[in-house]
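Engineer: Single-letter residue listing:
Protein chains: 2
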Amino acid sequence: MDENSKRVRFGILGCANIARKVARAIGLAPNATLCAIASRSKEKAEKFAAENGFPASVRVYGSYDQVLEDPGVDAVYIPLPTGLHVRWVVMAATKKKHVLVEKPVALDVAELDRILQACESNGVQFMDGSMWLHHPRTAHIQHLLSVSHSTTCIGPIHLIHSTSTMPATPEFLESDIRVKPDLDGLGALGDLGWYCIGASLWAKGYQLPSTVTALPDVTRNHAGVILSFTASLQWDQPNRTVATIHCSFLSHTSMDLVICGSNGSLHLKDFIIPYQETSGSFDFTFGAKFVDLHIGWNVRPEEVHVATKLPQEGLMVQEFARLVDSIRDCGSRPSSQWPEISRKTQLVIDAVNKSLDLGFKPVCL
Amino acid sequence: MDENSKRVRFGILGCANIARKVARAIGLAPNATLCAIASRSKEKAEKFAAENGFPASVRVYGSYDQVLEDPGVDAVYIPLPTGLHVRWVVMAATKKKHVLVEKPVALDVAELDRILQACESNGVQFMDGSMWLHHPRTAHIQHLLSVSHSTTCIGPIHLIHSTSTMPATPEFLESDIRVKPDLDGLGALGDLGWYCIGASLWAKGYQLPSTVTALPDVTRNHAGVILSFTASLQWDQPNRTVATIHCSFLSHTSMDLVICGSNGSLHLKDFIIPYQETSGSFDFTFGAKFVDLHIGWNVRPEEVHVATKLPQEGLMVQEFARLVDSIRDCGSRPSSQWPEISRKTQLVIDAVNKSLDLGFKPVCL
Chain A
1 MDENSKRVRF
11 GILGCANIAR
21 KVARAIGLAP
31 NATLCAIASR
41 SKEKAEKFAA
51 ENGFPASVRV
61 YGSYDQVLED
71 PGVDAVYIPL
81 PTGLHVRWVV
91 MAATKKKHVL
101 VEKPVALDVA
111 ELDRILQACE
121 SNGVQFMDGS
131 MWLHHPRTAH
141 IQHLLSVSHS
151 TTCIGPIHLI
161 HSTSTMPATP
171 EFLESDIRVK
181 PDLDGLGALG
191 DLGWYCIGAS
201 LWAKGYQLPS
211 TVTALPDVTR
221 NHAGVILSFT
231 ASLQWDQPNR
241 TVATIHCSFL
251 SHTSMDLVIC
261 GSNGSLHLKD
271 FIIPYQETSG
281 SFDFTFGAKF
291 VDLHIGWNVR
301 PEEVHVATKL
311 PQEGLMVQEF
321 ARLVDSIRDC
331 GSRPSSQWPE
341 ISRKTQLVID
351 AVNKSLDLGF
361 KPVCL
Chain B
1 MDENSKRVRF
11 GILGCANIAR
21 KVARAIGLAP
31 NATLCAIASR
41 SKEKAEKFAA
51 ENGFPASVRV
61 YGSYDQVLED
71 PGVDAVYIPL
81 PTGLHVRWVV
91 MAATKKKHVL
101 VEKPVALDVA
111 ELDRILQACE
121 SNGVQFMDGS
131 MWLHHPRTAH
141 IQHLLSVSHS
151 TTCIGPIHLI
161 HSTSTMPATP
171 EFLESDIRVK
181 PDLDGLGALG
191 DLGWYCIGAS
201 LWAKGYQLPS
211 TVTALPDVTR
221 NHAGVILSFT
231 ASLQWDQPNR
241 TVATIHCSFL
251 SHTSMDLVIC
261 GSNGSLHLKD
271 FIIPYQETSG
281 SFDFTFGAKF
291 VDLHIGWNVR
301 PEEVHVATKL
311 PQEGLMVQEF
321 ARLVDSIRDC
331 GSRPSSQWPE
341 ISRKTQLVID
351 AVNKSLDLGF
361 KPVCL
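If you read the sequences in order, they're chains A and B. Taking UniProt numbering, the leading residue of the first sequence gets 1, the next gets one more, and so forth. Taking UniProt numbering, the leading residue of the second sequence gets 1, the next gets one more, and so forth.
Next up, chain A with everything else stripped away, as it sits in the complex (with noise of 0.2 Å):
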C-alpha cells in the first residue's frame, strides 16, 4: 500500500472562500488527500480548481451528490451556508462519509441534534471547523489553565472577555451569505459567536454556564439578522466565572481573549486567526502584585510564543483525518468530543438567541 493510499480522502462540498483555506491544509496535512470538489456547476468547480492549483487527480463534479456517490471519497469538508448544513451534513452521513463543516454548524441545536443524530447512527466522524482549537497554542495556554500544577497555573478563572470583530463592506453587509435570514440566519452570532462562545466554554473545559444573558445592544439588518451583539455567560460552580463577548461585523478587526484567574491572566490579540501562520504568541501575567507606594508592577506581561509547523487548519484536518482514519482501519468508534464541543456551543448560542427574545433576560441552562 503506497503512502497516498493510507491518506484520508477528502471532497469538498461548494467552492466558498473558506474552503480554498481548507483545501490548502488538506493538501498539507500528511494523512490527508483532496481527491475530489464539487459546486452546483461544473464551470464553477473547474474554475475554483484551475485557481487553486488543485492536482488534474482531483475529481471535479457539477453537484454535490457527486461527491458523496464517489467510493474513493472517505470524508466531506462541508463550507456551504448554515442553513444547508442539515440537508447535506445528513446527506453525507447516510453515504457514510465523514463530516468536517463549518462553523456554525445549525440555526439552532434541534437542527444540530439532527446532524450529530445522523452521524452517530452512521458511525462516521463529525468535527465543525473551530481550527483555533488545534493550534498548539491553544493547547499550550490548556495547561496553564489546569489547575493541577499549582505552580504556574492561573488557578480559578473569575473572568473570560472575547471579542471577534470584522468591518464588513457595504458589499458584505448587503449580500453576504452572513447576513441573510435564509441562509445564515445567525448573523454574528453565528459566525462571529461561534468563536467567542467556543473558547470561553473551552476555557472552562467545557463545563455550561449556568445563566447566559444578552445585553440590549444588539444591531440587526433590516431582515432582523444580528450584525452585532454583547452577552455574558456565567458559571458558578466550583467557583463564579464571568465571561463578556463582543461579536460585530461593524467595528475594526479584533480577536481578543483574556483569561484572568486567581493568580494570573492571559491575553491574545489574535486568537482566532493568528497575527502570522508559523507562531502564534500570548502574554502571561503571573503573580502581579504593585510595588511599594502603587507607583508600578512587581512583574511584566511574559510574551510567550509557541510555534507550529503546520497552519492550524492542517492540524485540524489532521486530527480529523486521524480519527477517520481510526475508524476506518482499526474499528473505533467515532469521537464524541468534538460532536459534544459543537453541541456546548450550540445550546449556548441558543440561549443568547432566547434572551435576546426575552428582552436580555437572564437564561438558565
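In short, the hints are calculated from the structure, not lab data. Note that the structure is predicted; figures quoted are calculated from it, not measured. Keep in mind that a hint or two might mislead.
Copies of the same chain are indistinguishable here, so a pair counts whether it falls within one copy or spans any two.
Here are the simulated DSSO-like pairs of lysine-lysine, each with C-alpha atoms no more than 27 Å apart in a straight line [what the hints assert, rightly or not]:
#, residue 1, residue 2
1, Lys180, Lys47
2, Lys44, Lys309
3, Lys47, Lys309
4, Lys47, Lys289
5, Lys44, Lys6
6, Lys289, Lys180
7, Lys204, Lys6
8, Lys309, Lys289
9, Lys96, Lys289
10, Lys44, Lys180
Given chain A, work out where chain B should sit, using these hints.
Structural biologist: Structure of chain B alone, referenced to chain A:
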C-alpha cells in the same frame, strides 16, 4: 516673593495608605508644597510624617479641624473613607480650602451634589483623585480617539472593555474600609468601578450612556458590600457603542482597557497604574485586515511609549494646583471640568446600583 511662597500649600486629612503616594506627589509637583498633615490622633500623624520623611516645616495635627483652621493651608487632599466625604469636603469648602478628594467621591449622586454645591458656593476648586487621567499617555490616546483627524484616528468607537481587579487578602476582605458598609459602602463598584466607568466615559468624550445594565454575576460579602461585578454601558448616538466593565477584589491584578473603533483599536493592560512610573505604553492597531486566504494579518499592533517626567499623581497635583493658583492669584472661577467628570461617573455608578436592585434590568439615563 520666594519660589515656595507661590506654591499651593496642601494639608492632608488622614493617614490612609494612598496618602503616602499623594504626599510624595505633592512634593514632586513644582507648584505645590505639603505644609500640614492630620490624623485623629497626633501620635499617628507624627508617626506618618516621620515614616514618610516629611520636612520639619510640615505641621502635624491631631484633628482634621486644625488643618481646616490653618490659614497657611490653601488646599486639602482628603483620602478619608467615602462615608466621611460629605462631612469633611463640605467643612473644607466652608473654610475656603480647595479640595482634592479620593475616589469614589460619594455614596450616591445626592451626596455628591452636596459636595459640589459646597465647593461651588464657596468658590473653591474640586477634583477627584483619578490620577490616570493626568498621565500624558491618556492625552496621547485621546488624540487618537479624536475624529477630527481621520488619517490615524480609530474612528467611531464600537467597544470599550475595561477591568480593574485585584486579589484581596483574607484580611482585606475581612476588615478593609473598602468592604465596610458604613465606610465605603459601594465596595468594588466604587473603589474599582470609578476607574472603569470613568475610562468608558472619558473614551466617549463624557457623553452619558443611554442605558446601563448590571450583569447577574455580582458577588457580595455577608454585609451586602459588592466584591465583584460586571456591567455594560450603552450609547446610541452618534453611533452605537457598548462598554463592558468588570471589577473585582477576588481576581488576579488586571487593569485592561481596550477601545475598538471603526478603523483601529487600542489595548492597555495597565491603564490605571502603569507598569513603571516614568512611562506608559499601549498597543495601537490600525487598518487591520486578514491577508489572502485569511492565514494571517496585514499589520501587527504598534507598541507606543509615552514618557513622563512627573508621575501621574504629580501631574494631577500640578493640574489641581494650577487651577487653585489661578483662582487665588488671578481671580478665576473654579474649573467646572473636574466636578462634571466626577458627577457623571457617580451618575453611572448609581445606575449600576439601580440595575442591580432591579434584578439586572437595563436602566435608562
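Engineer: If a hint holds in the structure, say so; if it does not, say that too.
Structural biologist: A quick look at each hint next to the structure:
In this homomeric assembly, Lys180 and Lys47 come within 27 Å of each other (Cα to Cα) only inside a single copy, at 25 Å, whereas the closest approach across copies is 71 Å. Neither within a single protomer nor between protomers do Lys44 and Lys309 lie at most 27 Å apart by alpha-carbon distance, with minima of 32 Å and 64 Å respectively. When the C-alpha separation of Lys47 and Lys309 is checked against a cutoff of 27 Å, the pair qualifies neither within a copy, at 30 Å, nor between copies, at 62 Å. For the homomeric pair Lys47 and Lys289, the shortest alpha-carbon distance between copies (26 Å) is at most 27 Å, but the shortest distance inside one copy (59 Å) is not.
For the homomeric pair Lys44 and Lys6, neither the shortest alpha-carbon distance inside one copy (30 Å) nor that between copies (81 Å) is at most 27 Å. Taking identical chains as interchangeable, the C-alpha atoms of Lys289 and Lys180 lie at most 27 Å apart only when they sit on different chains, with a minimum of 23 Å there against 49 Å within one chain. For the identical chains of this complex, Lys204 and Lys6 are neighbours neither inside a copy (37 Å) nor across copies (59 Å), given an alpha-carbon limit of 27 Å. Proximity of Lys309 to Lys289 under the C-alpha cut-off of 27 Å is restricted to the inter-copy arrangement: shortest distance 23 Å between copies versus 37 Å within a copy.
In this homomeric assembly, Lys96 and Lys289 never come within 27 Å of each other (Cα to Cα): the closest approach is 57 Å inside a single copy and 39 Å across copies. With identical chains, the CA atoms of Lys44 and Lys180 are at most 27 Å apart within one copy only, with a shortest distance of 22 Å there and 70 Å across copies.
Going through the hint list in order, the structure does not satisfy hints 2, 3, 5, 7, 9.
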